[in-house]
Every structure is written in C-alpha cells, then in structure tokens.
Amino acid sequence: MVCCFFAFIVVFLLFPLYYAVRYLWELLPVDNLSKKAVFITGCDSGFGRTLAIKCAGSGMYVFAGCLTEQGAKSIEADAALLEGTVITVMIDVTKDDSVKKAADFVKKRLTPGISLWAVVNNAGIFATYGPDDWCSVEDYKRALNVNTFGIIRVSQAFKALLKQSKGRIISVTSVAGRVSLPYAGPYSVGKFASEAYMDCIRLELKPFGVTCCILEPGIFKTGLIDRDAMKQRIDGVWNKLTEEQREDYGVAFKDSFATHWSDLFNDLSSEHVEYVVDSYYHAITARFPRYRYRCGWDALLFFIPITYFPTEIVDLAMKYFFEPKVKPDAVENERCK
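As numbered in the numbering used here, residues 1 to 337 make up the sequence shown, in order.
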C-alpha cells in the first residue's frame with residue numbers, strides 16, 4: 001500500500017514537472033533563420049500558402065511548391081513585400097519526375113550560406129467518401145498517391161540535402177491517421193500509412209541528425225469541407241455505382257449521408273487555421289520540436305484521447321457521430337421480412 005502511494009506521488013509530481021520543462025525547452029528557437037531555406041508542398045492555398053507567407057515574413061528563404069500556375073502567381077504577388085524570399089516551384093507530388101525536378105531545382109537555387117533546413121509535406125486531398133462498397137481500388141490508389149506516396153516521394157528526394165543540414169521533415173497526417181473514420185476509408189488508410197512511414201524514418205534518420213515531425217489536425221474550415229464540394233464528391237461517387245449498388249443503399253441514404261456529413265464537419269470544424277500553421281512553424285523554427293503536434297480542440301479532447309479506449313467504445317462513439325440517420329434500403333428491407 002505504501003509502495004502504491006509512493007508511486008502515485010512520484011507520477012503526480014513527475015508529469016507536471018515534465019510538461020513544465022518541455023514548455024520551457026520548446027521556447028528555444030533555432031538560430032539564423034535568414035540562413036535557412038524551407039520547401040513546402042501544397043502552397044496554392046490553405047495551410048501551405050499561409051505557412052509560406054509566415055516563414056518568408058520571418059526572413060526565411062521559402063521554396064513554395066505549387067500544383068497550378070495560378071496558385072504560384074498568387075503567392076508570388078502576396079510575398080513580394082516580405083522580408084524573406086519566396087520562390088515558387090511547380091510540383092505534382094503524384095509524379096516521380098515532377099518531384100525529382102523540384103528537388104534538382106531547389107538544390108541549384110540554394111546559394112552559398114543557405115541550407116535546406118526543412119521540408120514540409122503539406123499537400124493532401126480528401127477526394128472520396130462513402131461506404132467501402134462505393135469505393136474502387138482506384139479510389140484508394142488516388143488517395144494514397146497524394147497523401148502517402150506523395151510524402152514518401154518528396155521525403156526521399158530531399159533527404160540527402162536534409163542530412164547535410166541536419167534539418168527536419170515535417171508531414172501532415174490527420175486525426176484520421178490515429179482513429180479510422182467510417183465512410184472515409186481511402187482517406188483514413190492513407191493517413192494511417194503516412195503515420196507509419198514517418199514513424200519509420202524518424203528512427204532511421206535520427207543518427208544523421210534529421211528530425212521528423214507529424215502534425216495531426218482535427219477538422220478545420222478549409223476548401224476540403226466546403227458544403228458544395230462535399231456534395232459534388234458524394235454525387236460523383238454515387239453516379240459511378242451500378243444499379244444494384246444504388247438499390248442496396250437507396251437515394252434516401254445517399255442524401256442523408258451527404259447532409260449529415262456536411263453538417264457534422266462544418267459544425268465541428270474550427271476557423272482557427274492558425275493552430276495548424278503555428279504548429280508547422282514551431283516544428284520548423286524550434287530548437288526542440290515535438291515529434292507529434294495535435295492541432296485543434298477536437299483532436300485534443302476527442303479524436304486522440306479516444307484512441308486509448310477499448311475498441312467497443314470507440315465503435316460506439318464513431319457510430320454516434322458519423323453514421324447517417326437513414327439506414328441503407330437493403331438493411332431496412334431485411335428488417336421488414
């Protein structure tokens with residue numbers, strides 16, 4: 001009994017002490033930001049664009065990876081008056097040649113005294129939702145090609161430069177990489193795979209002095225959860241189904257699913273995109289960055305904590321929040337027999 005009490009006291013004291021010390025050491029910045037370059041994917045809009053502007057505003061040398069010419073021109077215009085430098089790089093993370101060209105371009109543009117300090121894997125998609133019955137293998141490939149293989153391609157292409165600078169790789173995954181979201185199979189599978197990859201290379205690159213960090217955002221108000229865009233994605237998947245598949249689920253289920261998911265994601269989403277951008281920035285500029293950043297109150301208070309609960313409880317919670325109110329026609333018809 002005495003031993004248990006002593007252990008409780010030790011734990012009770014050590015946890016606050018650990019977090020107090022961690023808070024202090026995380027305040028320590030890296031030196032000479034103006035001598036450091038960062039390469040960021042997905043800078044056409046959203047988190048990547050905002051992060052690129054923030055880094056350049058701090059005097060950093062920023063290579064902003066963009067998929068479209070329009071996105072590149074837009075960020076160049078916004079960055080014209082900033083203290084740092086923004087150079088746009090056209091890149092499609094789903095194509096090996098494009099990633100290699102981007103890496104070669106960055107290597108050639110690094111001037112003496114400027115080293116590539118960080119690579120930020122920010123590009124990602126949420127292209128398909130619906131039951132697994134609605135998804136093809138191609139849907140899974142499409143999601144993984146961006147969200148997982150994109151991270152792998154970029155990390156491998158820039159790894160040699162980061163070993164020279166003893167820099168860092170920072171990749172965004174999602175809370176969906178910690179707990180699977182029903183009706184989002186391709187997205188969750190890709191995010192879990194990305195987490196696994198980052199966990200592997202974090203250990204492998206540590207002897208080289210390269211740090212690997214993961215961001216696990218909750219739900220934020222970005223173009224990914226625009227109501228019209230979500231409806232269009234669901235309608236697009238529905239229109240590809242066979243007549244038999246549509247009969248199994250029914251239009252009422254499809255409409256209920258579209259409405260429920262749109263309402264749920266928009267109700268849960270945070271407008272504070274700075275939570276994600278500031279986490280990125282800390283991972284880039286802190287002398288002692290975290291290995292994992294949980295971004296958003298939904299991530300901190302629900303999605304991450306629930307991963308420690310028994311599977312039965314997790315399933316009940318996921319069903320409560322994510323399951324449409326209308327059952328598939330095939331299920332309702334079976335009940336009526």
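Hints listed in this document are in silico derivations from the structure and should not be mistaken for laboratory results. Misleading hints may appear alongside valid ones.
[As the list claims (entries may be wrong)] Below, simulated BS3-like cross-link-like pairs (lysine-lysine); rule was C-alpha separation at most 27 Å, straight line: (1) Lys141 to Lys35; (2) Lys101 to Lys35; (3) Lys108 to Lys141; (4) Lys73 to Lys54; (5) Lys141 to Lys163; (6) Lys221 to Lys73; (7) Lys206 to Lys35; (8) Lys163 to Lys206; (9) Lys141 to Lys54; (10) Lys206 to Lys166; (11) Lys73 to Lys95; (12) Lys107 to Lys35.
Going down the list of hints, with the structure as the test:
With a C-alpha separation of about 39 Å, the suggested pairing of Lys141 with Lys35 is violated against the 27 Å cut-off. This hinted pair checks out: Lys101 and Lys35 have alpha carbons roughly 23 Å apart, not beyond 27 Å. Between Lys108 and Lys141 the alpha-carbon distance is near 33 Å, which puts this suggested pair outside the 27 Å criterion. Between Lys73 and Lys54 the alpha-carbon distance is near 17 Å, which keeps this suggested pair within the 27 Å criterion.
A hinted pair counts as satisfied when its Cα atoms are at most 27 Å apart, and Lys141 with Lys163 does not qualify at roughly 30 Å. Annotation: proposed proximity of Lys221 to Lys73 holds, straight-line Cα distance about 24 Å (limit 27 Å). Of the supplied pair hints, the one linking Lys206 and Lys35 holds, its CA atoms being roughly 23 Å apart against a limit of 27 Å. For the given pair, Lys163 sits about 10 Å from Lys206 by alpha-carbon distance, which is consistent with the 27 Å threshold.
Under the criterion of a C-alpha separation no larger than 27 Å, the hint pairing Lys141 with Lys54 is inconsistent with the structure, at around 33 Å. Under the criterion of a C-alpha separation no larger than 27 Å, the hint pairing Lys206 with Lys166 is consistent with the structure, at around 9 Å. For the given pair, Lys73 sits about 22 Å from Lys95 by alpha-carbon distance, which is consistent with the 27 Å threshold. For the suggested pair Lys107 and Lys35, the alpha carbons sit about 15 Å apart, so the restraint of at most 27 Å is met.
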